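Engineer: What follows is the residue order along each chain.
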Amino acid sequence: MGGDCGNIYDLRPVSIIRSLPQIKDHRLFQLKLEDGGTWESFGHQPGQFIEVSIFGKGEAPISISSPPTRPDTLEICVRRTGKVTDALFEMGKGSTFHIRGPYGRGFPVEQLKGQKLLFVAGGLGLAPLRSLLLYALDKRKEFDDIILMYGTNNPENVLFKYELLSFFDRDDIQYHYSVDRDDEGIWKQYVGVVTGLFDRAVLFPFATQVVLCGPPIMYRFVLQKLLSLNFPREHIFMSLERMMKCGVGKCGHCAFGDKYCCIDGPVFPFTEIEKMKEAI
Amino acid sequence: MKTLAKKDLIETLTIWAQKHDVLCPTQTDPGDCIFDTFREKTFTLDYKKPPLSPKAVFFPHSEITFKVENNEYREVVSSKNTLIFGIRACDMMGILQATSFMSRDQKDIYYSAKRNMGMTIVMACPGPQNETCFCTTTHSGPFARKGFDLQFYDVGDTFLIEIGTPGGEALLSAIPLTDIDDTHAEQQIAKFQKKALRHLPEVKSVAKAMKKLKDDKADEKIWDSFGQKCITCGGCAFVCPTCTCFSVYDHQFSPGNGLRARIWDACLYGGFTKEASGHNPRASQALRLKRRHEHKLLHYNEIDIQGSLCGCVGCGRCSDYCPVHIGTLEVVKAIAES
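The listed protein sequences derive, respectively, from chains A and B. The opening position of the first sequence corresponds to residue 115 in my numbering, with each subsequent residue numbered one higher. The opening position of the second sequence corresponds to residue 43 in my numbering, with each subsequent residue numbered one higher.
Hints in this document: simulated from the structure, not taken from any laboratory. Please read all numbers here as calculations on a predicted model, not as lab measurements. The reader is advised that the hints may include incorrect statements.
[Stated by the list, open to error] Quick list of simulated restraints, FRET-style, between CB atoms:
| # | chain 1 | residue 1 | chain 2 | residue 2 | range |
| --- | --- | --- | --- | --- | --- |
| 1 | A | 277 | B | 63 | 58 to 64 Å |
| 2 | A | 391 | B | 72 | 20 to 26 Å |
| 3 | A | 151 | B | 82 | 53 to 59 Å |
| 4 | A | 204 | B | 120 | 32 to 38 Å |
| 5 | B | 123 | A | 204 | 42 to 48 Å |
| 6 | A | 151 | B | 208 | 39 to 45 Å |
Ideal Cβ positions, reconstructed from N, Cα and C, are used throughout, including at glycine.
Take the sequences, apply the hints, and build the full model.
Structural biologist: Structural data, given as structure tokens:
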């Protein structure tokens, strides 16, 4: 895709293999390319995104939730929140629509290899991080410790519930889950904001690379926490949210400072954006 | 050097119009000057700064990008042989900057298809077109230094012709020209340039404002006061030669059939950065104005500015047309004085 030849806005048809309900207004869609191509040749990297295009509704940037190590399908975890996603939620198995991509700079996978990884996710922020998390688990030997911290606002809103539960049976991943509130008293793990999880984990800041994604408010507090624990700034990578319309750095909507989130990001090293007031 | 007699200009444009859509200064009935298809009757050489920059020639206000039939997308890329005659140096720099942005990294074929078939003839400016011109400050005028196919210098009864590209030189083969001694021509051009420059003094607050922004010393309060005045019309972005932000929309005739198009957009609009979640990283008009001006004066791309000072080419149109006086000139003055 892209480069000097061809149209950078070219679309590819996909169909829905499965549409799996997650929580209220969130679904995981498993996609198949309908133009004869394979997801291997699609060549996505953990942390990249696609533009979902539904004619008559428009286009929406959606992060890829599945890793390139699982090329049978491409998964996107979608919150129903606008015209495009509304239309997507009306679609069932076998329905077709179009995508463009993969777009953007993903996580620096090669740089992360051999290192301890700390994932910090809030809410739907787990969707882009999951592509890297599953990638690391699929290539488990290439990474040191894997620690996941995931927080949601209440127990009903935990995404990828069964996957998170399945980690209980593994001894090669450390997991810490939190909910902000637990009115019904059903949550057996930590209740409080996600930064509270840092007190329950044994961390080695200098040997650990951190990836984070979540709502805007989360970044501020998690970054404060990480820096107070002496995590080196250059060990922190964040996936940012923006209104990304074209995905190829032309339409201007996702620009901030001298960056375009869609081509310079969505994954940014913290050191690149820490001085930019409007980055988050 | 070649020269063209002024009396032969109509004949020349008529010859060029055989192979090109010649866009030139055109007098409209209400008395405005716009760039429109050459017609002898409406063509004029007596023109000041046109209200609109020629950016729409390569980046139309709205343009169809795909035709959709039964949910199959077919790209629609339109372009034709175009020759823009008589643009000013500031607008030439605007085209250069926009072309650089649209072509680098990944090429936007809708823009480049039109740009590749477009030729430019710059009419060197004899001096300021009105009180808002500041091209000498932004190093983008009053005469063009690069990018043009031909550049004309109006020295009375004749135009001296500076050749910029082989394509420009080829344009000269079919038209009535006279030769003039090179040294004499260069002297005349130097005289023309000197006079033009003398009438366009540097606006010192531009460099001062840029430095303040770079050093993070601009008073944030100025954005609040501009933000309260801005009526969010987006006009500054639309008249700006270097603003190329766009939005995409679908026009559906029936389910699965219709057109996908793109249309000019402006970073001044509240919804420009609003995310699906409702979060808006630039939630106030103050922040949006700050962004627009910082993009021109601080966060411009070194490659894109094509040897000029910054992302503003000094045409002054935003100052001409902003109904509440928030043009670049007013903004740099406020920053410099803050």
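Engineer: Could you run down the list of hints and mark each one as holding or not?
Structural biologist: Hints, one by one, checked against the model:
no.: 1; hint: A:277 to B:63: 58 to 64 Å; in the structure: holds, 59 Å
no.: 2; hint: A:391 to B:72: 20 to 26 Å; in the structure: violated, 45 Å
no.: 3; hint: A:151 to B:82: 53 to 59 Å; in the structure: holds, 55 Å
no.: 4; hint: A:204 to B:120: 32 to 38 Å; in the structure: holds, 34 Å
no.: 5; hint: B:123 to A:204: 42 to 48 Å; in the structure: holds, 46 Å
no.: 6; hint: A:151 to B:208: 39 to 45 Å; in the structure: holds, 42 Å
The structure shown violates just one earlier hint, number 2.
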